[in-house]
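**Q** Make the full structure from the sequences, and use the hints.
Given next are the chains, with one letter for each unit.
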Amino acid sequence: MKRTVSILAGLLLSALGASAQQVYDLMEIRMDSIVVKERRPVRPEEEATVGTRVTRIPRIAMEVNQTKSLSELLSNNTNVYIKSLGQGALATSSFRGTASSHTKVNWNGITINPSMSSSFDFSQVPVFFADDVVLYHGGAHLKNGTGGLGGSINLVNTPGWNDPTRMKIFTEIGANETYTAAASVRFVQPKSLFQTRVYYQQSENDFQYLNKVLKLEPFKERRKEARYQQTGVMQEAYFRTGDHSQVSTNLWFQAGQRRLPQPIIVNVTEHEKQKDYGLKYYLGYDYEKGKNAFSAKAAYLLSILDYNKWFDNDYFQAQGSFNRMQSVQLKTDYTRLVSEKFQAGVALMYNHDFVHASNYQGKTTGRDIVDLQANLLWHPLSWLTVNGQVMEEFNDSDAATTFAAGFTSSIVPGLFTAKGSVSYNYKFPSLNDLYWSPGGNPDLLPEKGMSYDFTLNFTPKIAEPLYLKVTATYYLMNVDNWIMWLPTMNWYWQPRNVQNVLSHGLEVLTEWNLVLDRFRARLGINYSYSPSINRERNFEEDDTYRKQLPYIPLHKANANLHVEYRNFFLNYVLFYTGRRYTTQDESYSTNAYTVHDAEIGYNWKLGARYKLTPKISVQNLFDEYYESTQYYPMPLRYISGSLTLTF
Amino acid sequence: MKKLLLFVLLMAGIIACSKNDSEPTPGQIQIEGITGNQLKLGYAENTDREFTVTGIVGQLTATVESSAAGWCQAKVEQSPTNTAEWLLTLTTSEYTGTTERKAYVILKSGDDALTLTVIQTGRGTTVEMVVVSEGQFTKGTAALSAITYSGTSTWDIFRDVNNMPLGDVAQSLTYIDGKYFVALNNSKQVKVIEPQTFKLLGTVDYEQAGSPRFIVPVNDHEAIVSDLQSQLTRIDYKTYEIIEHISIPSSIEKMVVIGNKLFGMGSSVFVFDTNNITAGGARKIAVTGGIMTTAKPIVDKNGNLWVFCTSSGKSVLNCIDPTTETVIKTVDIPYATSGTNAYVEGAITGTSFYTRMDTDRSKSRLYFYMNMLTNADRGTTIGAIYTFDIDKDEINSEVYRELPGLGMMYGMNISPDGEVYLCDCLDYTAQRGFLRHYQADGNVVSQRVGVYPRMVHFTEYDK
Numbered sequence: 001m002k003r004t005v006s007i008l009a010g011l012l013l014s015a016l017g018a019s020a021q022q023v024y025d026l027m028e029i030r031m032d033s034i035v036v037k038e039r040r041p042v043r044p045e046e047e048a049t050v051g052t053r054v055t056r057i058p059r060i061a062m063e064v065n066q067t068k069s070l071s072e073l074l075s076n077n078t079n080v081y082i083k084s085l086g087q088g089a090l091a092t093s094s095f096r097g098t099a100s101s102h103t104k105v106n107w108n109g110i111t112i113n114p115s116m117s118s119s120f121d122f123s124q125v126p127v128f129f130a131d132d133v134v135l136y137h138g139g140a141h142l143k144n145g146t147g148g149l150g151g152s153i154n155l156v157n158t159p160g161w162n163d164p165t166r167m168k169i170f171t172e173i174g175a176n177e178t179y180t181a182a183a184s185v186r187f188v189q190p191k192s193l194f195q196t197r198v199y200y201q202q203s204e205n206d207f208q209y210l211n212k213v214l215k216l217e218p219f220k221e222r223r224k225e226a227r228y229q230q231t232g233v234m235q236e237a238y239f240r241t242g243d244h245s246q247v248s249t250n251l252w253f254q255a256g257q258r259r260l261p262q263p264i265i266v267n268v269t270e271h272e273k274q275k276d277y278g279l280k281y282y283l284g285y286d287y288e289k290g291k292n293a294f295s296a297k298a299a300y301l302l303s304i305l306d307y308n309k310w311f312d313n314d315y316f317q318a319q320g321s322f323n324r325m326q327s328v329q330l331k332t333d334y335t336r337l338v339s340e341k342f343q344a345g346v347a348l349m350y351n352h353d354f355v356h357a358s359n360y361q362g363k364t365t366g367r368d369i370v371d372l373q374a375n376l377l378w379h380p381l382s383w384l385t386v387n388g389q390v391m392e393e394f395n396d397s398d399a400a401t402t403f404a405a406g407f408t409s410s411i412v413p414g415l416f417t418a419k420g421s422v423s424y425n426y427k428f429p430s431l432n433d434l435y436w437s438p439g440g441n442p443d444l445l446p447e448k449g450m451s452y453d454f455t456l457n458f459t460p461k462i463a464e465p466l467y468l469k470v471t472a473t474y475y476l477m478n479v480d481n482w483i484m485w486l487p488t489m490n491w492y493w494q495p496r497n498v499q500n501v502l503s504h505g506l507e508v509l510t511e512w513n514l515v516l517d518r519f520r521a522r523l524g525i526n527y528s529y530s531p532s533i534n535r536e537r538n539f540e541e542d543d544t545y546r547k548q549l550p551y552i553p554l555h556k557a558n559a560n561l562h563v564e565y566r567n568f569f570l571n572y573v574l575f576y577t578g579r580r581y582t583t584q585d586e587s588y589s590t591n592a593y594t595v596h597d598a599e600i601g602y603n604w605k606l607g608a609r610y611k612l613t614p615k616i617s618v619q620n621l622f623d624e625y626y627e628s629t630q631y632y633p634m635p636l637r638y639i640s641g642s643l644t645l646t647f
Numbered sequence: 001m002k003k004l005l006l007f008v009l010l011m012a013g014i015i016a017c018s019k020n021d022s023e024p025t026p027g028q029i030q031i032e033g034i035t036g037n038q039l040k041l042g043y044a045e046n047t048d049r050e051f052t053v054t055g056i057v058g059q060l061t062a063t064v065e066s067s068a069a070g071w072c073q074a075k076v077e078q079s080p081t082n083t084a085e086w087l088l089t090l091t092t093s094e095y096t097g098t099t100e101r102k103a104y105v106i107l108k109s110g111d112d113a114l115t116l117t118v119i120q121t122g123r124g125t126t127v128e129m130v131v132v133s134e135g136q137f138t139k140g141t142a143a144l145s146a147i148t149y150s151g152t153s154t155w156d157i158f159r160d161v162n163n164m165p166l167g168d169v170a171q172s173l174t175y176i177d178g179k180y181f182v183a184l185n186n187s188k189q190v191k192v193i194e195p196q197t198f199k200l201l202g203t204v205d206y207e208q209a210g211s212p213r214f215i216v217p218v219n220d221h222e223a224i225v226s227d228l229q230s231q232l233t234r235i236d237y238k239t240y241e242i243i244e245h246i247s248i249p250s251s252i253e254k255m256v257v258i259g260n261k262l263f264g265m266g267s268s269v270f271v272f273d274t275n276n277i278t279a280g281g282a283r284k285i286a287v288t289g290g291i292m293t294t295a296k297p298i299v300d301k302n303g304n305l306w307v308f309c310t311s312s313g314k315s316v317l318n319c320i321d322p323t324t325e326t327v328i329k330t331v332d333i334p335y336a337t338s339g340t341n342a343y344v345e346g347a348i349t350g351t352s353f354y355t356r357m358d359t360d361r362s363k364s365r366l367y368f369y370m371n372m373l374t375n376a377d378r379g380t381t382i383g384a385i386y387t388f389d390i391d392k393d394e395i396n397s398e399v400y401r402e403l404p405g406l407g408m409m410y411g412m413n414i415s416p417d418g419e420v421y422l423c424d425c426l427d428y429t430a431q432r433g434f435l436r437h438y439q440a441d442g443n444v445v446s447q448r449v450g451v452y453p454r455m456v457h458f459t460e461y462d463k
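Chains as they are written, first to last, in the numbering used here: chain L, 1 to 647; chain V, 1 to 463.
For the record, the hints were derived by calculation from the structure and aren't laboratory data. If you're wondering where the values come from, they're calculated on a predicted model, not measured in any experiment. Among the hints, erroneous ones may be present.
Straight-line alpha carbon distances no greater than 20 Å define the calculated EDC-like cross-link-like pairs of lysine to aspartate or glutamate that follow [unchecked claim]:
hint: 1; chain 1: L; residue 1: 297; chain 2: L; residue 2: 132
hint: 2; chain 1: V; residue 1: 179; chain 2: L; residue 2: 217
hint: 3; chain 1: L; residue 1: 220; chain 2: V; residue 2: 205
For each label pair, taking beta carbons as the anchor points, the in silico distance ranges come out as [unchecked claim]:
hint: 4; chain 1: V; residue 1: 199; chain 2: L; residue 2: 576; range: 33 to 41 Å
hint: 5; chain 1: L; residue 1: 576; chain 2: V; residue 2: 124; range: 39 to 47 Å
hint: 6; chain 1: L; residue 1: 320; chain 2: V; residue 2: 339; range: 44 to 52 Å
hint: 7; chain 1: L; residue 1: 396; chain 2: V; residue 2: 346; range: 41 to 49 Å
hint: 8; chain 1: V; residue 1: 276; chain 2: L; residue 2: 538; range: 48 to 56 Å
hint: 9; chain 1: V; residue 1: 199; chain 2: L; residue 2: 221; range: 19 to 27 Å
Here are some of the chain V residues that sit facing chain L, going by a computed Cβ distance under 10 Å [claimed, not checked]:
hint: 10; residue: 141
hint: 11; residue: 156
hint: 12; residue: 164
hint: 13; residue: 165
hint: 14; residue: 186
hint: 15; residue: 187
hint: 16; residue: 189
hint: 17; residue: 192
hint: 18; residue: 201
hint: 19; residue: 203
hint: 20; residue: 229
hint: 21; residue: 407
hint: 22; residue: 426
hint: 23; residue: 427
hint: 24; residue: 451
Positions of the beta carbon are idealized from the N, C-alpha and C atoms, including for glycine.
**A** Here's what the structure looks like:
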């Protein structure tokens with residue numbers, strides 16, 4: 001058994017480019033330590049994507065952002081570009097220059113993208129409800145089905161059997177009448193573990209700014225119609241059903257209601273409110289013994305979106321829509337270590353979506369998706385691992401075959417690791433694309449294309465206790481039949497296969513770690529260069545040809561500094577987003593911005609068990625006016641204070 | 001002593017010179033009010049100008065160099081009040097050229113002569129037309145494109161001048177009281193702009209829901225703004241304030257005021273007395289066919305109102321007598337259908353969902369957009385402009401302009417001279433469209449303007 005585990009761990013470490021365990025441990029790259037120390041439900045998927053670049057958001061960043069939403073966490077700590085309509089408002093992603101619907105979002109291995117639009121709203125997920133956030137860059141990760149052309153974002157809950165924490169309570173008060181409270185309670189027995197998390201946040205979100213775009217003279221105003229409220233409850237339970245198996249179950253309820261603010265070029269004379277309700281239930285079984293690893297998962301997802309629009313007088317009729325999405329997912333995954341050099345696996349996934357939407361003329365619509373996937377991992381040389389995957393997806397009456405292959409290699413052990421992948425991926429049109437009324441287009445073709453990437457990890461030995469890790473990736477992908485919603489001659493918008501897109505670019509991450517007795521510091525710097533170009537000229541005068549796609553910044557960077565001295569800590573975040581074009585011919589754009597956030601706190605230890613952590617944060621330290629989406633201002637400088645009790 | 005003498009002589013010289021400058025000396029012709037013997041005129045100046053000429057000995061004659069005689073005339077006569085002075089009258093005509101022109105006026109008196117250079121600037125840098133582009137909904141990319149007589153253009157001149165966006169979804173531009181009023185559908189606002197300079201003068205901000213579309217003045221300080229919703233909004237175009245929102249039974253788009261009546265195009269032709277624009281004040285006029293609200297209602301030279309409608313298998317022009325509020329004439333524009341003898345190349349097969357109608361300076365001819373069959377076997381069509389002379393009973397059978405190479409017609413306007421300008425929004429992707437000038441000789445001059453161009457305003461009508 002020990003031999004098997006060590007071989008599996010060895011393969012995985014190689015696959016992840018972690019040839020120098022010592023360096024990784026010291027740098028707190030959690031992935032490796034978790035893999036070695038405890039069983040994790042997503043492990044088989046990691047094994048199947050050895051060529052894929054994988055980024056795990058550091059533990060520190062998770063803690064710093066625990067009162068925030070996933071949109072802020074991703075924006076400040078990863079290469080993913082988040083296009084936000086404001087705090088608490090719709091926030092969608094662009095991963096490697098692709099559209100928001102091309103980012104797959106998985107929760108404990110279950111795909112949770114809404115079946116109607118495919119675009120995930122990251123503003124509705126509190127960071128507090130995830131223990132780990134892992135990014136798979138590119139489309140090579142096929143285990144969760146097709147569609148993740150840009151990559152996938154994986155939210156993971158882990159039992160943490162060895163974590164001594166039993167309760168965590170925090171509360172935060174911030175500017176613009178923003179209040180947050182959350183708590184988690186853990187009940188740990190040798191064979192069972194229960195964890196309950198609750199979260200609540202509300203904000204008037206009525207910050208003041210200078211409006212320079214609406215009237216003759218610039219004027220100060222407060223953001224209107226931007227208040228929001230979020231509530232969430234998560235109940236986890238884990239059972240050790242034997243030495244080699246575990247049953248996991250997780251129920252997550254999330255409710256939010258928010259006003260939908262207008263762009264500041266609009267006189268606000270009407271009101272829009274959206275209520276989102278989400279219920280996610282997951283039941284999983286993991287088994288691992290000897291050369292075999294098996295997992296089975298079942299999930300039920302319910303999502304309700306209730307939209308209303310009304311006016312201050314009775315001149316106009318109120319409007320609204322009510323859409324209910326449900327999904328049932330079943331997944332099984334089996335992996336066998338065939339020999340010391342071969343590992344093989346198969347996976348089967350079934351997904352049934354059914355939607356009742358007033359936007360589909362009140363009809364109930366659905367679809368069935370079956371994925372059958374096979375993968376092979378080969379460890380031909382001590383310094384080389386390769387893998388291949390092939391998947392057949394049956395989407396109602398359509399079928400598509402996709403594949404991916406990758407390698408990882410320790411070029412210079414302890415110094416240079418290289419990995420790469422090639423994949424062919426597919427994305428079927430979303431249900432909105434097909435059935436939205438008016439405009440749904442049943443004749444749409446799937447988006448599809450090849451993607452390639454190559455990653456170098458560089459871990460030079462500088463001088464202990466200073467460690468450096470540099471990861472650089474070049475990627476290239478084609479996406480043909482790119483779907484866009486465009487106006488029609490019939491007054492409504494309709495999706496069409498309009499463009500073929502070439503997206504290529506560079507992703508660089510550098511991590512510096514300094515570890516002394518009483519002083520620890522980590523500096524992480526992300527940079528991405530993301531040309532995403534339309535390479536289809538639809539007619540001679542088409543000025544979108546060879547132009548950057550809207551709302552995909554060519555340059556994006558962020559830097560995160562965390563410093564600890566004794567019980568004091570400091571976090572400083574800087575994020576830069578380059579200019580983004582807002583039209584397809586690059587004729588209009590919105591400004592680049594740089595925003596700084598800072599916070600200081602103190603870990604006050606009360607006896608052996610209790611820890612009280614007061615913290616003060618200043619977001620947007622230099623009071624920068626900026627817009628993630630043009631004419632939707634983001635909050636200017638605001639201060640918040642929080643108190644966390646842990647025991 | 002010599003030094004003193006020299007000083008005296010010098011001072012005398014200076015005094016003599018200064019006296020020479022300020023007072024006319026006989027034998028030296030001078031024109032009062034003109035320096036450097038140059039007179040600069042604007043292109044539109046066609047009035048007589050009178051100048052006093054001094055320094056005349058005997059008679060004064062004025063001659064205009066022959067090449068400029070067609071547009072510049074000079075006449076001199078002795079002043080009836082002061083015989084030492086003469087009066088020069090210069091007459092110039094309005095100029096429609098783009099580059100400046102010069103006339104040399106030679107004044108002779110005895111042995112003395114003076115050449116006055118009259119320079120008339122061309123219209124070159126003057127804005128001839130303004131193209132209104134909607135821009136994308138919620139994206140704030142509405143634009144005004146200014147195109148000068150010399151053909152140069154600034155595609156988003158409002159933003160360039162004011163360093164701010166025009167707004168969200170521009171619908172129309174209306175000249176009222178020396179200013180442009182631009183209705184911004186989704187900004188829920190009307191922007192008031194100075195013509196030619198495009199400086200923002202002010203905004204009319206909606207105080208309740210609405211989507212301003214088109215504007216007409218109804219008296220000396222009020223205008224009515226139509227709406228996508230069932231309301232009209234009365235604004236004060238002097239103070240830029242909302243006076244009232246008026247709930248009406250049905251929405252109205254384009255409007256026209258004839259006398260003391262307002263005619264609005266909606267599900268029917270609605271008529272209001274301008275002093276009673278209220279929900280209860282609307283009257284309806286029954287027309288043949290369904291009203292195409294995208295087509296501008298035209299007031300012809302006789303004061304009658306023309307409305308473009310469509311019916312089964314045809315378009316119909318309805319002529320309305322605004323006094324009696326009745327249709328006095330209809331003109332059918334039948335469509336050729338496949339399988340009939342009429343279904344041949346050149347036949348009219350229909351019109352656009354966004355169809356447009358306009359007139360020229362004479363207001364005696366209507367121009368409208370139709371689909372014209374180009375290949376009967378394949379059923380392919382192109383856009384074409386057909387015309388109707390209002391005194392006739394049928395449309396002119398000859399196509400006025402064929403419109404090859406047009407992506408998607410999103411607006412059409414006719415210049416005062418009858419030139420055809422099409423707003424082409426291409427394939428409706430979010431990119432800048434074209435203004436296409438379809439010339440009589442078949443040439444097409446295209447200029448990129450804003451995103452989703454929808455109308456052209458000709459500054460000749462800024463009166």
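**Q** Determine for every hint whether it applies to the structure shown.
**A** Results of checking the hints against the structure:
1. Between the alpha carbons of residue 297 of chain L and residue 132 of chain L the distance comes to roughly 19 Å, so the proposed pair stays at or under 20 Å and holds.
2. Distance restraint check for residue 179 of chain V and residue 217 of chain L: the Cα-Cα separation of roughly 19 Å lies within the 20 Å cut-off, and the hinted pair is therefore satisfied.
3. Note on residue 220 of chain L and residue 205 of chain V: the hinted pairing holds, with a Cα-Cα distance of about 16 Å set against a maximum of 20 Å.
4. One distance hint, 33 to 41 Å for the beta-carbon pair residue 199 of chain V and residue 576 of chain L, holds here, with the actual separation near 35 Å.
5. Between residue 576 of chain L and residue 124 of chain V the beta carbons are some 45 Å apart, a value that agrees with the proposed interval 39 to 47 Å.
6. The hinted window of 44 to 52 Å between residue 320 of chain L and residue 339 of chain V holds, with their beta carbons roughly 47 Å apart.
7. Taking 41 to 49 Å as the suggested C-beta distance range, the pair residue 396 of chain L and residue 346 of chain V conforms, at roughly 47 Å.
8. Between residue 276 of chain V and residue 538 of chain L the beta carbons are some 52 Å apart, a value that agrees with the proposed interval 48 to 56 Å.
9. For residue 199 of chain V and residue 221 of chain L, the hinted distance range of 19 to 27 Å is satisfied, since their beta carbons lie about 23 Å from each other.
10. Among the interface hints, the one on residue 141 of chain V holds; its C-beta lies about 5 Å from the nearest C-beta in chain L, closer than the 10 Å criterion.
11. The beta carbon of residue 156 of chain V is positioned within 10 Å of a beta carbon in chain L (closest approach about 8 Å), and the interface hint is therefore held.
12. Hint status for residue 164 of chain V relative to chain L: holds, with the closest Cβ pair at about 5 Å, below 10 Å.
13. With a least beta-carbon distance of about 6 Å to chain L, the hint placing residue 165 of chain V at the interface is held under the 10 Å criterion.
14. Given hint, residue 186 of chain V at the interface with chain L, holds; its Cβ is 6 Å from that chain's nearest Cβ, closer than 10 Å.
15. The criterion of a C-beta within 10 Å of any C-beta in chain L is met by residue 187 of chain V, whose closest approach is roughly 5 Å, and the hint holds.
16. Annotation: residue 189 of chain V was flagged as interfacial toward chain L, and the flag holds, the nearest CB pair being 6 Å apart, inside 10 Å.
17. Taken as an interface hint, residue 192 of chain V checks out: its beta carbon lies about 9 Å from the nearest beta carbon of chain L, inside 10 Å.
18. Taking 10 Å as the C-beta cut-off, the interface hint given for residue 201 of chain V holds, the closest approach to chain L being about 7 Å.
19. Satisfaction of the interface hint for residue 203 of chain V is found here, the shortest Cβ-Cβ separation to chain L being roughly 5 Å, below the 10 Å cut-off.
20. Interface restraint check for residue 229 of chain V: the shortest CB-CB distance to chain L comes to about 5 Å, inside 10 Å, so the restraint holds.
21. Taking 10 Å as the C-beta cut-off, the interface hint given for residue 407 of chain V holds, the closest approach to chain L being about 7 Å.
22. Hint on residue 426 of chain V holds. Least Cβ distance to chain L is approximately 7 Å, under the 10 Å limit.
23. Of the supplied interface hints, the one on residue 427 of chain V holds, with its beta-carbon coming within about 6 Å of a beta-carbon of chain L, less than 10 Å.
24. About 6 Å separates the beta-carbon of residue 451 of chain V from the nearest beta-carbon of chain L, less than 10 Å, and the hint is met.
Taken one by one, the earlier hints all hold for this structure without exception.
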